[in-house]
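Heads up: the sequence lines are chains F and R, in that order.
Per this note's numbering, the first sequence starts with residue 315, numbered consecutively.
Per this note's numbering, the second sequence starts with residue 318, numbered consecutively.
I should point out that these hints are in silico values taken from the structure, not numbers from a laboratory.
Keep in mind that this is a model prediction, so the values were computed, not measured.
Selected chain R positions facing chain F (in silico; Cβ < 8 Å): (1) Phe357; (2) Ser609; (3) Leu634.
We treat Cβ as the ideally placed atom computed from N, Cα and C, and that holds for glycine.
One letter stands for each residue in the lines below.
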Amino acid sequence: MSLGLLLLTIVALAALGYGLGRRRAMLSAGGDMRKLHSLPTFYGWITALGVLVPALLILILWLFAEGFVIHNSAVSHIDPADVPADSSVNLMMADVTRLAQGLSALAAKGTDLPALEQDIEALKTALADAGVAMGNDPTPSMIAAAQAVRSTAAMSRVGLSVTTLIVSLAGLVWGMRRISPEFRARNATERVSLGLLIAASLIAVLTTVGIVFSLLANTVHFFAIYPASTFFFSPTWDPKFGGGSTLGILPLVWGTLYVSVISLVVAVPIGLFSAIYLAEYASRRVRGIVKPLIEVLAGIPTIVYGLFALITVGPLLRDWIAMPMGFGNSSSTVMTAGLVMGIMIIPFVSSLSDDIINAVPQSLRDGSLGLGATPSETIRQVVIPAALPGIVGAVLLAASRAIGETMIVVLGAGAAAKLSMNPFEAMTTVTVKIVSQLTGDTEFASPETLVAFALGLTLFTFTLGLNVVALVIVRKYREQYE
Amino acid sequence: MSAVSSTPGDQPTPEAARVRHSLFAPDKRTAMRNAQEGRFRVYGLVAIVIALLALVWLLFSIFSAGLPAFRQTFVEIPVMLDAAVLDKAGHGDPAEMASVTTIGYGKLIGKALAAEIEAKGIDIGAMTPKDLVGMVSENAAADLRDMVLADPKLLGTTVQFTALANGRIDGYFKGRVTMESAARDNNTSPEKLMLADKLVAAGLMDMRFNPGFMFMPDASDKRPEAAGLGVAIIGSLYMMVVVLCLALPIGVAASVYLEEFAPKNRWTDLIEVNIANLAAVPSIVYGILGLSFFINFAGLPRSASIVGGLVLTLMTLPRIIIPTRAALKAVPPSIRDAALGVGASKLQTVTHHVLPLAMPGVLTGTIIGLAQALGETAPLLLIGMVAFVREYPGAPLTGLFDPASALPVQIYNWTQRGDPGFVERASGAIIVLLAFLIVMNTAAIILRRRYERRW
Numbered sequence: 315m316s317l318g319l320l321l322l323t324i325v326a327l328a329a330l331g332y333g334l335g336r337r338r339a340m341l342s343a344g345g346d347m348r349k350l351h352s353l354p355t356f357y358g359w360i361t362a363l364g365v366l367v368p369a370l371l372i373l374i375l376w377l378f379a380e381g382f383v384i385h386n387s388a389v390s391h392i393d394p395a396d397v398p399a400d401s402s403v404n405l406m407m408a409d410v411t412r413l414a415q416g417l418s419a420l421a422a423k424g425t426d427l428p429a430l431e432q433d434i435e436a437l438k439t440a441l442a443d444a445g446v447a448m449g450n451d452p453t454p455s456m457i458a459a460a461q462a463v464r465s466t467a468a469m470s471r472v473g474l475s476v477t478t479l480i481v482s483l484a485g486l487v488w489g490m491r492r493i494s495p496e497f498r499a500r501n502a503t504e505r506v507s508l509g510l511l512i513a514a515s516l517i518a519v520l521t522t523v524g525i526v527f528s529l530l531a532n533t534v535h536f537f538a539i540y541p542a543s544t545f546f547f548s549p550t551w552d553p554k555f556g557g558g559s560t561l562g563i564l565p566l567v568w569g570t571l572y573v574s575v576i577s578l579v580v581a582v583p584i585g586l587f588s589a590i591y592l593a594e595y596a597s598r599r600v601r602g603i604v605k606p607l608i609e610v611l612a613g614i615p616t617i618v619y620g621l622f623a624l625i626t627v628g629p630l631l632r633d634w635i636a637m638p639m640g641f642g643n644s645s646s647t648v649m650t651a652g653l654v655m656g657i658m659i660i661p662f663v664s665s666l667s668d669d670i671i672n673a674v675p676q677s678l679r680d681g682s683l684g685l686g687a688t689p690s691e692t693i694r695q696v697v698i699p700a701a702l703p704g705i706v707g708a709v710l711l712a713a714s715r716a717i718g719e720t721m722i723v724v725l726g727a728g729a730a731a732k733l734s735m736n737p738f739e740a741m742t743t744v745t746v747k748i749v750s751q752l753t754g755d756t757e758f759a760s761p762e763t764l765v766a767f768a769l770g771l772t773l774f775t776f777t778l779g780l781n782v783v784a785l786v787i788v789r790k791y792r793e794q795y796e
Numbered sequence: 318m319s320a321v322s323s324t325p326g327d328q329p330t331p332e333a334a335r336v337r338h339s340l341f342a343p344d345k346r347t348a349m350r351n352a353q354e355g356r357f358r359v360y361g362l363v364a365i366v367i368a369l370l371a372l373v374w375l376l377f378s379i380f381s382a383g384l385p386a387f388r389q390t391f392v393e394i395p396v397m398l399d400a401a402v403l404d405k406a407g408h409g410d411p412a413e414m415a416s417v418t419t420i421g422y423g424k425l426i427g428k429a430l431a432a433e434i435e436a437k438g439i440d441i442g443a444m445t446p447k448d449l450v451g452m453v454s455e456n457a458a459a460d461l462r463d464m465v466l467a468d469p470k471l472l473g474t475t476v477q478f479t480a481l482a483n484g485r486i487d488g489y490f491k492g493r494v495t496m497e498s499a500a501r502d503n504n505t506s507p508e509k510l511m512l513a514d515k516l517v518a519a520g521l522m523d524m525r526f527n528p529g530f531m532f533m534p535d536a537s538d539k540r541p542e543a544a545g546l547g548v549a550i551i552g553s554l555y556m557m558v559v560v561l562c563l564a565l566p567i568g569v570a571a572s573v574y575l576e577e578f579a580p581k582n583r584w585t586d587l588i589e590v591n592i593a594n595l596a597a598v599p600s601i602v603y604g605i606l607g608l609s610f611f612i613n614f615a616g617l618p619r620s621a622s623i624v625g626g627l628v629l630t631l632m633t634l635p636r637i638i639i640p641t642r643a644a645l646k647a648v649p650p651s652i653r654d655a656a657l658g659v660g661a662s663k664l665q666t667v668t669h670h671v672l673p674l675a676m677p678g679v680l681t682g683t684i685i686g687l688a689q690a691l692g693e694t695a696p697l698l699l700i701g702m703v704a705f706v707r708e709y710p711g712a713p714l715t716g717l718f719d720p721a722s723a724l725p726v727q728i729y730n731w732t733q734r735g736d737p738g739f740v741e742r743a744s745g746a747i748i749v750l751l752a753f754l755i756v757m758n759t760a761a762i763i764l765r766r767r768y769e770r771r772w
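Taking the hints into account, I'd like the entire structure generated from these sequences.
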C-alpha cells in the first residue's frame with residue numbers, strides 16, 4: 315500500500331469515525347440531545363481523533379525507524395573485503411541504494427532478476443538502460459545487500475500498512491465503545507486538542523535542539539580527528555581532498571568581519587539618517603511612500619543581491635576604482651560584497667531605529683524645543699541619546715544579519731581565504747566555506763567536510779550571542795518608556 | 318523661535334542693553350545654528366535618496382540584463398523527415414527508431430537549412446554544411462527527435478520546424494556578441510553572424526517572445542538558449558505547498574497555545590525566547606540541520622522537494638508564529654469574555670471567535686513568510702538542490718521525493734556556468750522570482766487593507 319493511499323485510508327477511517335460517533339451518541343440518548351453530556355459533534359470529534367492521532371504517530375515513528383533498520387540489514391550483507399581501500403561502508407551504501415532502486419525499476423519492467431544477478435555484465439547494461447548510474451561495479455555482496463534493502467523495505471511497508479490500519483481500527487472500536495450519554499466528550503476532545511497545541515509549540519524547541527545537537531555532535535567528531543589548536547589559531551585555510559589539509563578559521567573570520575564592517579559602515583549612517591528624517595521631519599504622505607519603498611530592500615531575496623554584486627557592482631568597482639588606482643583586478647572583492655550587503659541591511663537599521671525613535675516620549679522633545687533648541691539640536695542632544703540603547707540593538711541585529719548572510723558573499727566576495735587589509739582583494743567568509751565544503755557528494759567522515767559543522771557552530775554561537783544581547787537591550791529599552 | 322532665546326523677554330536686564338540688533342536680523346550664532354539645522358535635514362534627505370537610488374539601480378540592472386531572456390531568436394525551416402535515414406528498418410516502431418541519435422537529426426536540419434538558404438538565393442560564401450548546422454542550437458536536433466519519436470507518422474513528410482538559434486547568434490541580436498568577440502570565439506565566427514543578418518532579412522530567422530523560458534527544463538552548459546525554468550518552478554511550487562501545509566497549521570497551533578492557553582512560567586518564557594532567536598538564526602544553519610537530520614539521519618533523498626519543504630518549514634515557522642501571536646493579541650478581551658460568559662469553553666472561544674477574527678492577520682503573516690521562503694537559497698544548496706535536473710518531478714506525493722530544482726537555486730546554478738548567455742538567463746529568472754514575490758506581497762497588502770479590523 316503506497317504512503318498516499320495509506321494516509322487517505324486513515325483520514326477516511328477518521329471521517330467514518332466522526333459520523334459513527336455522532337450517530338451512536340444520538341442513538342444512545344434516544345434521539346434527545348439534551349440527555350447527552352456534550353454536543354453530538356464532540357462525540358464525533360473524539361472518535362475521529364482516537365483514529366487519527368495514534369495511527370499518525372505510529373506512521374511517523376515507523377518511517378524514521380525504517381531508515382535505520384534497512385541500513386543495518388544491508389550493511390550486514392556487505393563483505394568487508396569488497397569495500398575499496400579509499401572508501402567506506404557508508405559510501406558503498408550509496409551505491410547499494412542506487413542498485414536497489416535500479417533493481418526495483420527493472421523488476422517493475424518485468425525483467426527476470428534472478429537470472430540477471432548471476433551475470434554481472436548483463437546486470438550492468440540492464441541498469442544503464444534503466445538510467446541508473448553506478449559509481450562502482452556491483453559485486454555479489456552488494457547485490458545481496460541491495461536485495462536485502464528491497465526485501466526489508468517491502469516488508470516494512472507491509473508491516474506499516476497493517477499496523478497503522480489495525481491501530482486506527484482499534485481506535486475506532488475503542489472510541490465507539492466509550493460513547494454513552496454520560497461520557498464527557500467535550501472535555502476529552504479539549505484535552506486531546508490542548509495536547510496537540512502543546513506539541514506544535516514544542517516543535518520550535520525541538521528545532522533548536524536539533525540545530526544544536528547536529529552541530530555539536532559533528533563538531534565533536536571533527537575535533538576528535540583534527541587538532542583544535544590548528545583550527546582556531548592557524549592563519550591558513552587550505553583544504554585538500556586527498557587529506558593533509560590545514561583548516562585554520564582565522565582567515566575566514568577575518569573575511570567575515572571585514573565584509574560585515576564595510577556593510578555596517580554603509581548601512582548605519584544611511585539607515586540612521588533616513589530613520590531620523592522619516593520619524594522627525596517627513597510629512598505623513600512622504601513617510602507613507604518612502605518607508606515601504608525602503609522596506610522593499612529587505613524583501614528582495616539575497617540571491618538577487620548576489621547577482622547584482624556579480625554582474626553590476628563588481629565589474630563597476632574593478633573598472634573604475636580598483637584597476638585605475640592599482641588596488642587589484644578582481645571583480646569579486648570584499649568591497650563589492652560589503653557595499654551590496656550594506657544596501658541590503660539598510661532597512662534593518664532604518665525600520666527598527668524608526669520604531670525606537672518614535673517610541674521616545676513626545677514630552678522629551680517638547681521640553682527641549684520649549685527651551686529653544688532647534689529640531690536638529692533636539693534630535694542630537696535629546697532624542698538620540700534617549701534612543702541610543704535601542705539603536706545599538708538595531709545595529710547589532712543588522713550585524714548578525716551581515717555575518718550570517720550567505721548568497722551575497724558566495725557570489726560577490728570570492729573564494730580565496732586570505733588575511734589581507736586590501737578591500738579590493740577577493741576574500742572569503744565562514745558561510746562561503748560552509749557552502750563549498752558541504753555541497754556535492756558528502757560523506758561525514760573526513761575533516762574536510764566535518765569542518766563545516768565546526769564553522770557552522772562558530773557562526774551559530776556568534777549570531778546567537780549578538781541576537782540575545784540585541785534583544786535584551788531592545789526589550790529593556792522598550793520597558794523603560796512603557 | 319531660536320532668535321527669541323538670545324533676546325530677553327519683557328524684563329529689561331543689564332544684558333539686554335548689550336543686544337543692539339533687531340529681532341528680524343539673526344545674529345551670527347543663530348545663523349550658524351539655523352544653517353546647522355538645514356544641513357541636518359539635508360543629511361536625512363540624502364540618506365533616503367541614496368537608499369532609494371540603490372533600489373532603483375538594483376532593479377534597473379536586473380531588468381536590463383534579464384528582459385532579453387524572454388525573447389529568443391528562432392529559425393523556421395521546412396525539414397524533410399527522410400524515412401530512409403530515420404527509420405532504416407522501415408517498421409515505424411519508436412523503439413527501433415530510438416537508435417538514431419541526435420547526430421542523425423542534426424544532419425537533417427543542416428541539410429534542410431542549406432536547401433532553404435539556396436532556395437532563397439543567399440550567398441553562404443566559404444561556409445561548410447557543418448558551419449550551417451552550427452547556426453541552430455544543439456538542442457534543436459533533440460527537439461526534432463522527440464517530436465518524431467512521439468509521432469512516428471510524421472516520417473517521410475515535410476514539417477515546418479521551429480528551431481532555436483544558436484546561443485551566440487541569439488547573443489548577437491541581443492548585443493552581447495559583436496563581430497570582434499566572434500572573431501576570437503571558437504564557437505562562432507563573424508561569417509555566421511553575417512549570414513544570420515541575411516537570414517533575418519530573408520525572413521527565415523526572427524526574434525520573438527519565448528514561452529519556453531518558463532516551461533522548459535534546464536539545459537547543459539553549452540546550450541544557454543534552451544535553458545528554461547520549468548523544473549525550478551515546479552520544484553518551488555511543491556516546496557511552497559509543503560511549507561503551507563505544515564507551517565500554517567503548526568504555526569497557528571503553537572501561537573494559539575502560547576497566546577491563549579500557556580501559563581506564564583519559565584517554560585513558556587523559554588519557548589518564547591526560543592522562537593525569537595530561531596527567527597534570527599542564519600538560514601544556512603537550517604541547511605546544515607536539513608543535511609544532517611533529514612538526509613543523513615532520516616534517510617530522505619537528496620535534492621528532493623520534500624526535504625527542501627521541510628527545511629523551509631522549520632525556517633518559516635517562527636516567522637509565522639510572531640505575526641500570528643500579534644494578530645491574536647489584537648483581538649480585544651471583551652470578545653473572549655462574552656463567549657466565555659454565554660458558556661463556551663476556552664477552546665470553543667478560540668476556534669469560534671478569536672481565531673476567525675485574527676485570520677486576516679494570520680494569513681498576511683503566512684503569505685509574507687512564504688514569500689521569504691520562496692526566495693531562500695542558502696539552505697537549499699546544502700541539501701543538494703543544486704544538482705542538474707532535467708526531468709520534471711512526478712505528480713504530488715511521490716513527486717515530492719523526486720529530484721527537483723528551485724527558482725533561487727536555479728539562478729545560483731546559472732551564475733556558476735561559463736557561457737555568458739546564462740547571466741541573461743539568471744537575470745530573467747530573477748524577474749520571474751520577483752514577479753511571484755510581488756504577487757504574494759500584493760495579496761498580503763490587499764488582505765490587510767480589506768479585512769484588518771481596528772478595535
